[in-house]
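Participant: Residue-level listing of the chains:
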Amino acid sequence: MFKYTSPYELTENYKTALQSKYCVLDNFSLARFDSNFELLEKHLSNIVKSKYEPCDRIVVDHFDTDYYLNGFPYGLGLHNLFTVFRKLDIPLYVMLLVTNHYGIAREVNCLAPDPCDRPTIIETLISNLHYAGVYNDHNVDADMISIPGLCMLGQGRVHRHAIFRFIESELMTHIAVSTNPS
Amino acid sequence: MTYIVTSPFTRQNELWANGSIECRPVTEKYCHPIISGTKGELSTLNHADFYKYIGLDIVTETVYNYPYPYISEKTLRPIACKRLFVVVAAPGVLSLLHSKGFETFSDVLDESYDTIQDPHERFWQLQKTIKEFVLQPVETIIDIVKLKTPALEHNFEVLKKLQDIELQNLNDSY
Chain A
1 MFKYTSPYEL
11 TENYKTALQS
21 KYCVLDNFSL
31 ARFDSNFELL
41 EKHLSNIVKS
51 KYEPCDRIVV
61 DHFDTDYYLN
71 GFPYGLGLHN
81 LFTVFRKLDI
91 PLYVMLLVTN
101 HYGIAREVNC
111 LAPDPCDRPT
121 IIETLISNLH
131 YAGVYNDHNV
141 DADMISIPGL
151 CMLGQGRVHR
161 HAIFRFIESE
171 LMTHIAVSTN
181 PS
Chain B
1 MTYIVTSPFT
11 RQNELWANGS
21 IECRPVTEKY
31 CHPIISGTKG
41 ELSTLNHADF
51 YKYIGLDIVT
61 ETVYNYPYPY
71 ISEKTLRPIA
81 CKRLFVVVAA
91 PGVLSLLHSK
101 GFETFSDVLD
111 ESYDTIQDPH
121 ERFWQLQKTI
131 KEFVLQPVET
141 IIDIVKLKTP
151 ALEHNFEVLK
161 KLQDIELQNL
171 NDSY
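Quick mapping for you: the protein sequence lines, in order, are chains A and B. Each residue of the first sequence is one higher than the last, beginning at 1 in this note's numbering. Each residue of the second sequence is one higher than the last, beginning at 1 in this note's numbering.
Simulated from the structure, these hints should not be mistaken for lab results. The structure presented is a predicted model; accordingly, all values stated were derived computationally and were not measured. For each residue, glycine too, the CB sits at the ideal point set by N, CA and C. Mixed in with the good hints, there may be bad ones.
Said to hold, decoys possible - To spell it out: a stretch of chain B is covered by chain A in this simulated footprint if at least three of its residues, at any positions, have a beta carbon under 8 Å from a beta carbon of chain A; those stretches are: (1) 29 to 35; (2) 63 to 72; (3) 145 to 155; (4) 162 to 171.
Claimed, not checked - A few chain B residues facing chain A, derived, Cβ under 8 Å: (5) 3; (6) 60; (7) 76.
Could you put the whole structure together from the sequences, leaning on the hints where they help?
Facilitator: Dropping the structure here:
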């Protein structure tokens, strides 16, 4: 049977390793809910307990980017995530935030000021997005080089527009470029 | 307790460019003839064959003006394809890669951009770094890539073992 794996989820090996260390009540990708936190609230309401064990954890895979307002001390997605836990009266220590946002403790500490009730944070690059598992090995083949640079621009964002305009104005014959304006 | 609605308008951090940087939206679809393949072939999983024709990958990460050194599969792609790279991203990305065991190329590329917090200053430095590299004769770039081949091979090996390394860290630290 086909099993969908989100790029923003931990690899199966990493999930298994976490399950050997904690009693994992649930594991979800925050990216699934980042535009609908009512849906996350509904999802987690199915696993709410009256009492939690010290090893209980709800694993949150946090590998997509967050939304930031100027002057706001934390990402809006993270704020909403904590709001769900509070609404459902789930202690914050039950949250295990696995993230590629190295240094996110400063946001978490703002959202969870009580040091006795804070999520565990694990910083890692091992999601399906980052880690392919199998890599095709090829020679470096330096003698094949014929173009100095390559720049493949994905979804339109300010820094990509700026890089394209820079290349367009000065370096189009030195860099192979692709754009994706959709 | 209410949720804050998120939308592209709440990505204020991405509205960093001022009038001194030309960032008119790119509306035209363009693809250099050497670039081919499906999206899956361009992932870290599959080596994109056309990488052998280029010396330097200018990676534009998912985010640029961001509070963390955010690394996605885009930064790992040139590592999988054994090529030098510059990362147009938040500061600290190269430093984070070093902490994971990867080598970068400060002896042949000016990588000072990685430590510059100001997004405009960082962008100017990135332009300078890119320009200096790609304006060299192709023969020189070939020599540089040959010189850095041990580092490129090393990085590929680190990438292959990355999950094992991270799982070991998990067992040691938590």
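Participant: Return the numbers of the hints above that this structure violates; sort them in rising order.
Facilitator: none
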